[in-house]
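> Please arrange chains B and C on chain A, whose structure you already have, making use of the hints.
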Amino acid sequence: MMFMGLYNYWIVVVLMMIGLYIVIAHGNLIKKIVGLTIFQTSVFIFYISIAKVDGGTAPILEDGVSQYSNPLPHVLILTAIVVGIATTALGLALAVRLKEAYGSIEEKHIQDLDNHTLENQSKDEQGC
Amino acid sequence: MKDLVAVVMLAGIYSLLSASFFVVMDAADVAFTEASVGAGISTLLMLVAITMTGRSEHLVRHKPMLALVVVTIIGGLLIYGTLDMPHFGAVDSPIHGYVAPRYINDSMQEVGVINIVTSVLASYRAFDTFGEVVVIFTAGIGVLVLLSVERRPEDDAEIDSLNKAMHEQQLILRIATKMLIPFILLFALYVQFHGDFGPGGGFQAGVIFASAIILYAMLFGLSTARRVINQSFIQLVAAIGVLLFGSTGLVSLLNGGNFLDYNVLFVDPIAGQHLGIFLIEWGVGCTVASVIVLIFFNFAGRRENYKRKKHRETK
Amino acid sequence: MPFDINNVIDIMSAICLLIGSFLCVSGGVGILRFPDFYTRIHAVGVTDTLGSGTILIGLMLQCHESLVFVKLVMILLMTIFISPIACHALAKAATLSGLPPLLCNNKELEKKL
Chain A
1 MMFMGLYNYW IVVVLMMIGL YIVIAHGNLI KKIVGLTIFQ TSVFIFYISI AKVDGGTAPI
61 LEDGVSQYSN PLPHVLILTA IVVGIATTAL GLALAVRLKE AYGSIEEKHI QDLDNHTLEN
121 QSKDEQGC
Chain B
1001 MKDLVAVVML AGIYSLLSAS FFVVMDAADV AFTEASVGAG ISTLLMLVAI TMTGRSEHLV
1061 RHKPMLALVV VTIIGGLLIY GTLDMPHFGA VDSPIHGYVA PRYINDSMQE VGVINIVTSV
1121 LASYRAFDTF GEVVVIFTAG IGVLVLLSVE RRPEDDAEID SLNKAMHEQQ LILRIATKML
1181 IPFILLFALY VQFHGDFGPG GGFQAGVIFA SAIILYAMLF GLSTARRVIN QSFIQLVAAI
1241 GVLLFGSTGL VSLLNGGNFL DYNVLFVDPI AGQHLGIFLI EWGVGCTVAS VIVLIFFNFA
1301 GRRENYKRKK HRETK
Chain C
2001 MPFDINNVID IMSAICLLIG SFLCVSGGVG ILRFPDFYTR IHAVGVTDTL GSGTILIGLM
2061 LQCHESLVFV KLVMILLMTI FISPIACHAL AKAATLSGLP PLLCNNKELE KKL
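Protein chains in written order, with this note's numbering: chain A, 1 to 128; chain B, 1001 to 1315; chain C, 2001 to 2113.
Pulled out of the complex, with its shape left as it was, chain A reads as follows (with noise of 0.2 Å):
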């Protein structure tokens, strides 16, 4: 029974793989950035279930406690939220622009509005 003390890491690999799922199977960019975040999410449930420790507290000194749980993963992870959401406003913002000039946001429809462009500027230099 040594793979009941494993539960948590196997619940962080499948949210994991569900975020990586979203982002290759949906063609539309905002779903992929959802995905992302989700992905995201999981890697730091990953980060702070290791650093629990059984039978500890919150990492702030106190009078009579003497077991706290590591601080290390959580100062990491604090990090991380806030570079997350960073990345994420800029994405948004560039889903926000792609659809301004293609129309869509679907990955399809940009990528045969691409190549529609990229053969009539061929056309057109073999014109010329």
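By construction, these hints were calculated from the structure, which means they are not laboratory data. Treat the hints loosely; a few may be bogus.
Claimed, not checked - With a straight-line cut-off of 35 Å between C-alpha atoms, the simulated DSBU-like cross-links for lysine-lysine are:
#1 B:K1178 to B:K1063
#2 A:K99 to B:K1002
#3 B:K1309 to A:K32
Claimed, not checked - Far from chain B, by Cβ distances over 10 Å, these chain C residues were calculated:
#4 F2003
#5 M2012
#6 D2036
#7 V2046
#8 V2073
#9 H2088
#10 A2089
#11 K2092
#12 L2099
Treat the numbers as computed from the prediction; the structure is a model and nothing was measured. Quick reminder that beta carbons are idealized off the backbone N, C-alpha and C, glycines included.
Quick look at chains B and C alone, frame taken from chain A:
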């Protein structure tokens, strides 16, 4: 599901659930940040982006079976990799053995702050925090480059008259917001200064401060909010935050210590640590608050431009 | 059992917590079972505010330090103030977007009148 608003709401609920999970895992600071950032600002920004890019998804899913196979293979490999890892909550796992006891035992003598996460974030690993503040600042600049719209005075007058007409409709919300915003700002200041003694610190305070200003901008109109807080002033505050952080490090260098070594900032090392942590938390709070407000103002300004173009096209 | 003041406070806070959780659960049941958007907002708004209020009162009876007590009082005031306003904002947004409320269309009732 095709409705993107439902997708964004579910993502917000997911963030809130993970924040409550962090509380159970004894990570108070992280739960605070995740709840305010993930469930608050992230959901808001996604909703504003959706109003511009369209509310539903056109179902053009390409090759779901291939994606499923790839994901299953990677998931299987990862689970195989976790079989060697220490059990959940084990006291003797390797990460609890080397660096963490030094931080837990020596934090009081070396830094003098009872919140160990703040002492690690602001003193032992201050360089990482500096990099993170610069990353947030860069994201703010990126959004400015992508989304800023030039404002003309005749558009402002048009929006102003629209806002005044809406005042009757939104009376309850406006009065309630006017009563609430001072308390939200006060709470942000409390969290900023209380980071030494409990969960809190620069990031959470910056996000709460920004959310107060965003609440005002959402209810009273973007042009009114821009008149209350000028956009160039916010950009200045963002830059000042990063400069404050960097110059604390430079002053430490000039005083003979390492970069961001607070012991040399003052005669007494512990007082120097307190002063250093105070200054850089101010820098972090300023930059985070102003960048989030900047991002929201630019998104909302773009949206007003978009709606005005559509309005003119349909006329 | 000895009529100790600590026992009485414990029992009262337990009753408050139980009432609060029952109210919150019933609000959740209301979201699932009510037919229309506006009735669902009504269910959640009333029961959530009252439920979290009684849970906070139950917690207040349990705390031994005055600082935690003051913080809980502030959270209670904020919740009572903000939660109905949030429901109002939801309902107003729905009305302004044009969502029609579900009205009673009982033809037998019209015949009787």
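> Which hints from the list above does the structure break, by number from lowest to highest?
1, 9, 10, 11
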